[in-house]
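J.: Sequence:
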Amino acid sequence: MDSLTNKYRQIIKKILEEYTDFLGNDEQVTVEFVLDEKNDRYLLVETGWKNGYRIYGTLLHLDLIDGKIWIQHDGTEEGIANDLVAAGIPKRHIILGFKSPEIWKHTEFAVS
Numbered sequence: 751m752d753s754l755t756n757k758y759r760q761i762i763k764k765i766l767e768e769y770t771d772f773l774g775n776d777e778q779v780t781v782e783f784v785l786d787e788k789n790d791r792y793l794l795v796e797t798g799w800k801n802g803y804r805i806y807g808t809l810l811h812l813d814l815i816d817g818k819i820w821i822q823h824d825g826t827e828e829g830i831a832n833d834l835v836a837a838g839i840p841k842r843h844i845i846l847g848f849k850s851p852e853i854w855k856h857t858e859f860a861v862s
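Add 750 to the 1-based position in the sequence shown for the working numbering, that's all there is to it.
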């Protein structure tokens, strides 16, 4: 399981780094990749000011728990779960934590 967990860590980091590069930063708003390797917590956070309004929010939040990837928040258009599957992670190891547990059983992804 440890080698699988390490593989998932590397995939998550690669995908979030790609998102960070793609979204980029402008003079007013920064996209930050927040990485807590000790607790297997991975976030993309947007901070700054635009047109007089405060910009702050989590774009993506993933946790690696018991060998499964929990998507706690997904603010992307296409859904990061699709990127994880394309990178080789089985759907049964991805939990859509941002959806109600009642919905899980109606998806192709893990139920817990």
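Any given hint could be a false lead.
To be verified - Calculated lysine to aspartate or glutamate pairs in the EDC-like style (CA-CA distance at most 20 Å, straight line):
#1 K764 x E777
#2 K849 x E827
#3 K757 x E768
Calculated directly from the structure, the hints in this document are not laboratory data.
J.: Does K764 pair with E777 here, judged by a C-alpha cut-off of 20 Å?
T.: violated, 25 Å
J.: Take the C-alpha atoms of K849 and E827, compute the straight-line distance between them, and say whether it is at most 20 Å.
T.: holds, 16 Å
J.: Keeping to a limit of 20 Å between CA atoms, is the pair of K757 and E768 held or broken?
T.: Judged against 20 Å, a Cα distance of about 17 Å means the pair holds.
Hint compliance for this structure: hint 1 alone is broken.
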